[in-house]
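Put chain B on the given structure of chain A with help from the hints.
Protein chains in written order, with the working numbering: chain A, 4 to 322; chain B, 89 to 379.
Calculated directly from the structure, the hints in this document are not laboratory data. Glycine included, each C-beta is placed from N, C-alpha and C at the ideal position. There could be a bad hint or two in this list.
[As the list claims (entries may be wrong)] In silico DSS-like cross-links for lysine-lysine, where the CA-CA straight-line distance does not exceed 27 Å:
{"#": "1", "chain 1": "A", "residue 1": "LYS294", "chain 2": "B", "residue 2": "LYS260"}
{"#": "2", "chain 1": "B", "residue 1": "LYS235", "chain 2": "A", "residue 2": "LYS294"}
{"#": "3", "chain 1": "A", "residue 1": "LYS273", "chain 2": "B", "residue 2": "LYS334"}
[Claimed, not checked] If you want the ones that stay clear, here's a sample from chain B, every Cβ over 10 Å from chain A, calculated:
{"#": "4", "residue": "LEU119"}
{"#": "5", "residue": "GLU188"}
{"#": "6", "residue": "ILE200"}
{"#": "7", "residue": "TRP212"}
{"#": "8", "residue": "ALA379"}
[Said to hold, decoys possible] The calculated label-pair distances, taken between Cβ atoms and stated as ranges, are:
{"#": "9", "chain 1": "B", "residue 1": "VAL227", "chain 2": "A", "residue 2": "ARG23", "range": "38 to 44 Å"}
{"#": "10", "chain 1": "B", "residue 1": "LEU202", "chain 2": "A", "residue 2": "PRO286", "range": "46 to 52 Å"}
{"#": "11", "chain 1": "A", "residue 1": "ARG87", "chain 2": "B", "residue 2": "THR127", "range": "38 to 44 Å"}
{"#": "12", "chain 1": "B", "residue 1": "ARG358", "chain 2": "A", "residue 2": "PRO286", "range": "55 to 61 Å"}
{"#": "13", "chain 1": "B", "residue 1": "LEU159", "chain 2": "A", "residue 2": "ALA193", "range": "42 to 48 Å"}
{"#": "14", "chain 1": "A", "residue 1": "SER59", "chain 2": "B", "residue 2": "GLY160", "range": "45 to 51 Å"}
{"#": "15", "chain 1": "B", "residue 1": "ALA221", "chain 2": "A", "residue 2": "GLY18", "range": "29 to 35 Å"}
{"#": "16", "chain 1": "A", "residue 1": "MET4", "chain 2": "B", "residue 2": "ARG358", "range": "51 to 57 Å"}
{"#": "17", "chain 1": "B", "residue 1": "MET336", "chain 2": "A", "residue 2": "ASP142", "range": "48 to 54 Å"}
{"#": "18", "chain 1": "A", "residue 1": "ARG154", "chain 2": "B", "residue 2": "ASP183", "range": "20 to 26 Å"}
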Amino acid sequence: MRIEIEIERGCPEEGIETHRERFRVEVPRHVTVLDTLIQIKDELDGSLTFRRSCRSAICGSCAMRINGRSGLACDTQVESELRRFGRVVVQPLAQMPVTKDLAVEMSPFWKRVRAVKPWVTGEGAEEPAWPVARESLMDQIHVEEMDDASRCIMCMACFSACEVATVDERFLGPAALAKAYRFVADPRDAERTERLTALNGSGGYWDCTRCNQCVEACPKDVKPMEAIVNLRRDAIRAGLTDTIGSRHITEFIAIVHQEGRLNEGRMPLKMKPNPLDLAKVMPLALRMLQKGKLPLPYHPPIPRVREVRRIIDRKKGST
Amino acid sequence: MSLKYAYYTGCAAKGVCPELHESTLAVAKALGVELVELTASSCCGAGVIGELEHDTQLAMNARNLAQAEHLGLDMMTVCGTCQGVLSRAHKELSDTATRERINEVIADAGGIYLGRATPKHLLWMLIQDVGLARLEQRVVRPLKGLKVGPFYGCYILRPSDYLSFDDPYNPKSLEQVIRALGAEPVDYSGRTKCCGFPIVLEQEQNAMRMVGTNLLEAQDKGADCLVTPCPLCHMNLDIYQGRAEKEMQRPIGMPILHLPQLVGLALGLRPAALGLQRNMVDTSPVIAQFA
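Looking at chain A on its own, in the form it has when it is part of the complex:
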């Protein structure tokens, strides 16, 4: 089939500004975006630049934005893109500066991955004598807990898709935090609490907006956001509860326990605000009151609220 593909190109080093070029090529029906790019480079323009290696969704080299979606060019078919969007537009990954065309400068990504100490620490990490005297065995349940996060191929698609990374460069992002969880969940690791503590502040797991963009983008079903949620859970269970994020969850549960539903009018008061913060929200609260949008601080519980309380109480404190 004859198709048209639009490619965003540019090279700051050579002073070539970002622009789009269209290429028309004759390709086999089930061709991938990557094979199309390789064909264009071979036949039409040898200067077209992009990263690729395995062509089999194993190495993670060819991540880019295809019709706005961050993913691997090697596991995306041109035909399905045409069916979904009626066009194929290819751009470099977001959040990182372009080196040339579709190749980006990866250091912002690796800086974040390195920041979470992506290796096993402690006794389990020591260089074993050779031949190995004993294996470091772990239960199946531990393997399952870190199985999703272990699948990451560091392709950067999730980081490119991350909505918080787009507005806040301090955020470590989905891949790095999923990697952190992989070691938090590793029973051999000696620094579990230290890891949870280190990521408890700004830029860490509480900054995720749970938009699921990373879950949707990941070509290996790592579900980075689920790993971030697990870090939050593990932090609270480890006693790291002096954060807004932690209080938000526990107070949310407390309000639902009491009323059966979330009373948004009570949540801000439950967050231990200082008087200055309260003064700041007063004008907004008054306007909401005028509009009939401010829920009363104490709402009558739903009918049969006892059933909800029983569900919450039963699981409270369990693992």
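Chain B in isolation, oriented as in the chain A frame:
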């Protein structure tokens, strides 16, 4: 054809967004859709309870779905977040072992759930059950010339494994409804983005940047107003819009309508019956054209 649903309000429609409840009832009545409100239903957990206690959230939703099942009805939601959480619960509870585990939790808390009630958002109901052609027939006040930016919100689109109604990267349902009402959908990238509501307490500045970026993009593309199927998006885009204006250092003034408010306008319902006076950002520029 008479349509009847177990109506799951969720928390926002019963609290901070009463106009969503009002407009839902008004639109259902105008379309001849019968709603049986699940008054004893609880919060869905919003993904927040599930962060700490997965099975607690799942059990609460098994209990919610069981209430619809007892009525022999499918469940209609009006909140994108509720829909996302309930769709996930519905899928998880389709596994027999999981359902049995959760039924042990809810056996003495509202009875067991057999897995027979399907949660369905009002948006999906309009397209699948009412049908776009029938909706169009009911329009008495076509919203001609109105440019509407669809704002889907995350949980009605992602993760698509649990939802499978719209393409998460190129959804069409809101656009279809907007067109059926006689208005014109605005194409902008923010339509599938996050409103930032989940981090408004933790990282307000980031949340306001998300609100501001999405609203300004829609405005630049010519939107007169935005419509959203999620009241949590509505809260962030509407209630906090003033703060987003400060963060972006630009006035925005973008009216944000709940989905049934927009539908209701086209069906000829009175603005007051749709609670349009409750929206924080003035909706009168939209109303003035049609009411």
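Practice item. Hint by hint, work out which the structure violates, then give me just those numbers in ascending order. Key: The structure breaks hints 1, 12, 13 and 15; every other hint is satisfied.
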